[in-house]
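One letter stands for each residue in the lines below.
2 protein chains.
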Amino acid sequence: LDERDNTFIVETLESVQSADISSLLYEFSSEESKYVLDILDKEVHAEIIRDLDSDTRKAFLKIYTPTEIAGVLNQLNSDDAADILHEVPVKAREEVLALIDADLRLQVVDLLRYEETVAGGLMAKELIKVRQGWTVNQCIEEIRKQAENVDKFYAVYVVDEVDRLIGRVSLKSLVLANAFKSVAEIMEEEEVVSVETYLEDTEVADIMQKYDLESVPVVNVNGQLVGRITIDDVVDVITEQAEEERQIMAGISEDVEEDDSVWRNIRARLPWLIIGILGGLMNAKFMGLFEAELMQVTAIAFFIPLIQATGGNVGIQSASIVVQSLANPSFVVEGLWTRLAKVFLVAMLNGVFLAGIVFGANVLLFTEFELSLTVSIALFSVVLFASFMGTVTPMALNYFGFNPALASGPFITTTNDLLGLTIYFFTVNLLLI
Amino acid sequence: LDERDNTFIVETLESVQSADISSLLYEFSSEESKYVLDILDKEVHAEIIRDLDSDTRKAFLKIYTPTEIAGVLNQLNSDDAADILHEVPVKAREEVLALIDADLRLQVVDLLRYEETVAGGLMAKELIKVRQGWTVNQCIEEIRKQAENVDKFYAVYVVDEVDRLIGRVSLKSLVLANAFKSVAEIMEEEEVVSVETYLEDTEVADIMQKYDLESVPVVNVNGQLVGRITIDDVVDVITEQAEEERQIMAGISEDVEEDDSVWRNIRARLPWLIIGILGGLMNAKFMGLFEAELMQVTAIAFFIPLIQATGGNVGIQSASIVVQSLANPSFVVEGLWTRLAKVFLVAMLNGVFLAGIVFGANVLLFTEFELSLTVSIALFSVVLFASFMGTVTPMALNYFGFNPALASGPFITTTNDLLGLTIYFFTVNLLLI
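The listed protein sequences derive, respectively, from chains R and P.
First residue of the first sequence? That's 1 in the working numbering, and the numbers climb one at a time after it.
First residue of the second sequence? That's 1 in the working numbering, and the numbers climb one at a time after it.
One chain only, chain R, in its complex shape (with noise of 0.2 angstroms):
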């Protein structure tokens, strides 16, 4: 690369996919990758520009002029080309736009309109729309003059005169028909099914998924045929998803990745670990009210640590359960009393059993028979009221519209802490001092 030796880089990258390219270039600079970049093939380029993931993609949009940004947009398909103009600055968009291909920015100046997280941001304008009195033939021709705008596509969409919507004719069935039937003989005679544009993308993958869809069209209020979301992008919402609970439950505020600036991981980090502090202070200020009893039996400050910690994984683990039956949506079999009848017997069988463990174990290895008798009690309690907030709080933190990953996150924990600690200590009160 440092000899600029173009033809040889150009021959070696020819036969590779654009994919492994990208990989590639994330081990050089910006200003290095777009000197590869700028010798391949304009489509290569473009495609290359679209598998970069955010971050890095606007390290790179910077060094381009809105010329060069405009050269690779009408590479692409517009919901692409729509994702990457919202990562240009607001003063670049707009000459960036100025410089695309009419029909282009029709699409995306529609598409822009759209959050990128419902069924519109994610859906492409480009899709093969037939009419239903129309032949196969008549058909195979407008796939061809598409054929060059439209690079994957699965069906083509039958729409009535003013655009609605009405069915769906897959290409397999396109091939095996007869030149001269008509679209009506050969569409799919089930209902097809379809998504409007203000649908959450999350929504959008729960249908996908159910019906086993690898593409979808997007209709808007009045039913007609405004685009179609294919299933390498709900792939994506999938998968992003994923990565946001990882990071809730991990009390993690926005999206951040160890690659991203030393301030960016804190802002992401820092908010958590001050709602943990102030939990922990409360709590110190909380047994500063029983430094007396303390003080008569320090002992009873060794098992804290013990208390919590169970309320804790109780408390996560029932919340990931119930987090787990709301992600699976055609799950409801059971009432939610015996939904909760069912969680108390886990609980409290889980509970017995393990103050059985420490009662023994305390008896055995240290400690006095009545502060043992006291711990195991105060865990047992523990351990059923946590399983209840564990249990209730996705589901409240759900029926109000949150996400209800956040009830395994540290905000939950840390008011299990100082909840474990109050059950203990009204153990201790009632039973030992």
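Please keep in mind that the hints were generated in silico from the structure rather than gathered at the bench.
Predicted, not measured: the structure shown is a model, and the values here were computed from it.
One should not assume that every hint holds.
Intra- or inter-copy, both count: the list cannot distinguish identical chains.
In silico DSBU-like cross-links for lysine-lysine, where the CA-CA straight-line distance does not exceed 35 angstroms [to be verified]:
#1 LYS342 / LYS62
#2 LYS152 / LYS91
#3 LYS342 / LYS34
#4 LYS58 / LYS91
#5 LYS285 / LYS210
#6 LYS152 / LYS129
#7 LYS91 / LYS210
#8 LYS34 / LYS62
#9 LYS91 / LYS42
#10 LYS62 / LYS210
#11 LYS342 / LYS129
#12 LYS172 / LYS342
#13 LYS145 / LYS210
#14 LYS181 / LYS342
#15 LYS210 / LYS181
Dock chain P against chain R, hints included.
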């Protein structure tokens, strides 16, 4: 349903997609559902059984005779049939195999050899194979022959005389090509992406995501085409992976859902709770060593929850950021030392900030100066150590072939609790007493 009004049921369900019927059936008992299924179309019946989740399906299969199971399998693709057979008790399995169609039996027996978590276990045998010398017309003839068996396909695969995969022709190019062109002329120029039978399912998912594929051919060690994997199966793999990670992070040791039996719930949760309990007992034992110090200054105990909770939170955050990076494999930009240096810097800044807050709060609110200072210094050190542990543990787990998400689970939190306590008492000894 109670009135057994068959015509009404059939007519109502006729226009509905099979995926919708299967969600409906979750509300009935297996016997009631079977009654409905038996009066439906055979193909719809089979699709519904296919779409059930594994636990429900096992309950269903118990009330089916081997002949009935065979009838269902005959309607399905080889991969789905093999998956269902995995769930049939071993002694009934042979019986069912003897009853299914001969073609399907050969395919299914072949698929049963593979583990369910590798490409061979995910693939279907149904695909369309053509030869390089064939014309487009011959391909379409072949598709017509196979059309009954293969319900979804996106491309035909080109093989040589010993079945080695040499290329791919998309359905789109088949639709557009002149009927007398040869396959060699319209075959894609780029090398076709394929996977080998023993490749892990998660790696198959990564590859399909990377190249935005809707299906990928599977080859054996000799490069011969043996099957194909479609994106809907991979979407399931990605979803399961996310669920598994959630369970590991929450400390649940086997796949368990809310509606599983009480006993299964307990078995999945108890092992991790016991690890937590053992950690708690070690905490107690360890604090016992400092009984004298605690009797001298009881207030030392007040800050143990604060120290341990912060250590735990920092550790989980760090681990989850590493897990994130490992899940996006294209993402190797910086060397190990640069990464560690950055982790250290973030930890330093977070530590200084948190220690500052705690120091301020302590001085203002309740504690004497020296204890406040000790707590803050210990907190700072705990943040550093927990960041380091949280970063290094998932890397090490990954290196030795374990799931790095284990580092966000209760085992590591328990270790971090002990680490925090050690650092705290070490600081107390050094500065306070």
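Quick one: LYS172 to LYS342, C-alpha cut-off 35 angstroms, is that within a copy, between copies, both, or neither? Answer is neither; intra-copy 49 angstroms and inter-copy 53 angstroms both fail.
Is it within a copy, between copies, both, or neither that the alpha carbon of LYS91 lies no farther than 35 angstroms from that of LYS210? between (42 angstroms within a copy, 32 angstroms between copies)
Under a CA distance limit of 35 angstroms, which applies to LYS342 and LYS129: within one copy, between copies, both, or neither? neither (52 angstroms within a copy, 52 angstroms between copies)
Within a copy, between copies, both or neither: which one fits LYS181 and LYS342 at a CA-CA cutoff of 35 angstroms? neither (59 angstroms within a copy, 66 angstroms between copies)
At most 35 angstroms between alpha carbons: which applies to LYS210 and LYS181, within, between, both or neither? within (32 angstroms within a copy, 39 angstroms between copies)
At most 35 angstroms between CA atoms: does that hold for LYS152 and LYS91 within a copy, between copies, both, or neither? within (33 angstroms within a copy, 46 angstroms between copies)
Checking an output row: LYS91 and LYS42, CA cutoff 35 angstroms. Within, between, both or neither? within (25 angstroms within a copy, 60 angstroms between copies)
Within, between, both or neither, where LYS152 and LYS129 count as close if Cα-Cα is 35 angstroms or less: both (14 angstroms within a copy, 21 angstroms between copies)
LYS342 and LYS34: within-copy, between-copy, both or neither at 35 angstroms Cα: between (60 angstroms within a copy, 27 angstroms between copies)
Status of LYS91 relative to LYS58 across identical chains (alpha carbons, at most 35 angstroms): within (15 angstroms within a copy, 59 angstroms between copies)
Can you tell me if LYS34 and LYS62 fall within 35 angstroms by alpha carbon in one copy, between copies, both or neither? within (11 angstroms within a copy, 61 angstroms between copies)
35 angstroms Cα cut-off: does LYS145 pair with LYS210 within a copy, between copies, both or neither? Both: 33 angstroms inside a copy, 29 angstroms across copies.
Hints 5, 11, 12 and 14 from the earlier list are contradicted by this structure; the remaining hints agree with it.
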